[in-house]
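Spelled out, the chains give:
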Amino acid sequence: MTDSPRLPRSKFRASLRDRWNEAHDFDPADPLVGLSRHDLSGPVIERRTVLRLLAASGVLTAAHLLPGVGVRPARAAAGGTLRAGWAAVGEFRTIDPAQINQVLLFQISSNVLSGLTHINPQLQAEGDLAVDWTVDDTGTQYTFNLREGVTFHNGDPFTADDVIFTYERSSDPDQSIHSRVLANVAGIEKLGSHKVRFSLKAPQASFLVKTLERSSGRAMTIVSRGALASMGASDYGLRAVGTGPFRVTDHKLGQSMTLERFENYYDPERPKLDKIVITPIIDPEPLAAAIEAGDIHIIGGNPVAPELVDRFEANPDLNVSTVPAPGFQGVFLNPWRDPMQVSDFSKPIEELKREPGFMVRLAIAKAIDRDLYIRQAQFGRGTPAYGTINPAMGFYFDDTLGETSEQAFDMEAARKLLADAGFPNGDGFPTLKILCTPAARRDCLVIKNLLKKSIGIDIELDTKDFPVLLDEFQTMNFDLCRLGSGGDFDPDDGLVDWVQTESKFNGRKRNKDEMPFGLFSDPEVDDLVARQSATADVEARRTLVQKANRITSDKVAQAFLFHPADVQVTRKEVDFPVKSRIPGLVDMDRVTLSG
Amino acid sequence: MTGYLLRRCLGAVVVMWAVATLVFFMLRIVPGDPLSAMLFDAADPAAADELRIKFGLDQPLPVQYAKWFWLVLQGDLGNSIYGSRIPVSQILIEAAPRTFSLAVLAFVVSVLIAIPAGLISALKRGQPIDHGVTFIAFLGLSMPDFWLGILLIILFAASLGWLPAIGYEPLSNGFWPWLSHLILPAIAAGTAFSAIIARMVRSSMLEVLKTDYVRVAAARGLTPWRVVMGYAFPNALIPVITVMGIAFGLLMAAAVVVETVFAIKGLGRILIEGILNRDYPVVQGAILAVSFIFVFVNLLVDVLYVAIDPRIRIE
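Chains as they are written, first to last, in this note's numbering: chain F, 453 to 1047; chain Z, 13 to 327.
Since the hints were made in silico from the structure, they are not lab data. It is possible that some hints are incorrect.
[Unchecked claim] As a list, the in silico BS3-like pairs of lysine-lysine whose alpha-carbon atoms are at most 25 Å apart: (1) K961(F) to K222(Z); (2) K799(F) to K956(F); (3) K66(Z) to K956(F).
Given the sequences, and given the hints that come with them, work out the whole structure.
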């Protein structure tokens, strides 16, 4: 798959130029960048479409144009053992999708288990165990034709009964922590041995990309009935059996997990590798040494420590690929604490801007120079954030928000707002505490320094272990809280989960008598988010998503900081094709090793 | 002797019970909800309520304690409440050989460095070599083990490529794979303890070298080697063994930093991760295991006294 060009040099150059021009031949105002719905849907996306989408998102490079070439043009052959290091984690306590609560775990399960759909690098749904599907006119009936001849790693055949079993298991809160994901599913019907129909209570735009997706979705990642019965849920979590390209052959908890090529995978061309050994490595420095020494070939898991990336880029033995990661990070401001108190976010923005509490919130949000923050805290990697919708979502991302949002950096305006709120030059402003995890201490120190320098206010760090921080965040027991989200592949992840009045991350455990809402509540945003969630038309959905995102930005649902970068580090001998370079994931079914 | 051992064993059980009970209640006083960490992005209230009932976390503390203690008496340490809900005993059984291997090798490293260094330092008291050994001992003592570990990785794994940077291979996979993965962590963990033991050997030897029987031995014309190794050193060993016993216990429990640096999942790391995740059964089980090791090693040291010095009678 990595054939070298065989054309004469001049013709080869011309061919590259043609491909480059063809990829960029679209109207920038066209949301579908000259592609038809047909181009974007179906179980397979053509190379031309991929190049166009890369060009549209501004990440197309000459390397992508090489025939059959992925992210990097290494010559590689099938087979071999890939050794992977998973960053900043001590163990893989489960890869049972029903229990997975971290991106780094579904990065692994995505190599072992399948879903009906799987996202591609453009975060669009492609058929995985579903060959194709149809949606009725109401947008509530999804009928799937399932792939035939598929077997689980234990030899059991995959049928519609497995889809129904997975649905029933995931709907049970006693067996799955993701039962809420299926709340909109009214039922599932078996129409044949390899045909099922889902009935939804209401149309749901994220149904294919989220609910049925094999990696981040988790609720409908297909599990093996037979294996669960014979192994029990506990052992299944350690050695999950699925229909994915690799099967788990060994798992020494906290030490390593070994995946081996599944010979009966439904695509005979995949996987390429014979074996993958994944080792959890907590500390960044040993992780760096391990890949530099060649002990591991690739880094997955939690984001690579930003201070290491320059070092990796300077190493000729390593490849570093950076794409926008699907997530956002920000500083949450408690609207029930002085001096940031806002009791009603539904007021028009101009009215809000006359309230001292809102002035303070806006002053803090405007006083943070995101570019400087990213340089100092993230070593220059990341995208300034002004909303929850991240650039990895491409089509839905609003790149004008940085200039037009009320949160856009403006030190003078921030000072004036603070003075108008009664705190000229920060005088008399109480010392606020910012809640952060030990891992985010540097980030919080940078925020503290930026706010002191720009508007003269003092912030004190309040470092807590993650479970404690999460508890205080959900009970609204904080002034400021540095937190964010990852694995946001669909607008629902950024909006439904965070900015609706009833969102799961909106002060769910607060005292509702004292705090009628959590972090943010605006009926208009609630309505927009609900509507976008139920809108199948992508252009109409984008309008709703961007409008909701803008309001939450303008009304300072939080002071947004940055969208992280997804930095993938591999040794030169690893060929990680562009088709598998899905932000936030480490799908290794197409990966090859050379040498 | 038998009576003494029985009394000590009974005492050990009481100590372990007291430690485990203290940890049980302290864990629950510490803020942080285990289910918050577990559910995180799922955050499904129905799932949280179901799990709270399932793990008995909705019950009053005395009831939780009574149930836990009753199960422990039956040898059931419970299941982890995080992830796959693996039995705690399985987690500990998988981790124990890694920690034990690391502790034994680190102990060997520390003894191999400490005893010659301590002897030389004592025999050459006040001379440049004594000052040199003392200086190196303090250097080893004050050097953080995680820093030494990283230096060793950079030099021997990343730069020279002689040894693996991370991970652990069980002995069943072969002696060299097992040893090669443990050499660097053992040096990192053992260095500080070698400094402590070397200082103890030196001071103990200096004391013994002043005794009459050593002078008599020298006056009888015995070779200095025979005087030192036949008369002085065995008698200087008693306090050294006490320190070595404590050092071994500490190595078993306190190798957490080294385990973290070298990506070895041992008891220490299980304990730390259990605390961070508020995984109560895992923390309780790990504490029980660690306290058992301490108590057992101390008992072993007491028995060793008898074997080394016939003058000591435990009764």
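Hints versus structure:
For the hint pairing K961(F) with K222(Z), the CA-to-CA distance comes to about 71 Å; that exceeds 25 Å, so the pair is violated. With a CA separation close to 23 Å, the supplied pair K799(F) and K956(F) stays within the 25 Å bound. Of the supplied pair hints, the one linking K66(Z) and K956(F) holds, its CA atoms being roughly 22 Å apart against a limit of 25 Å.
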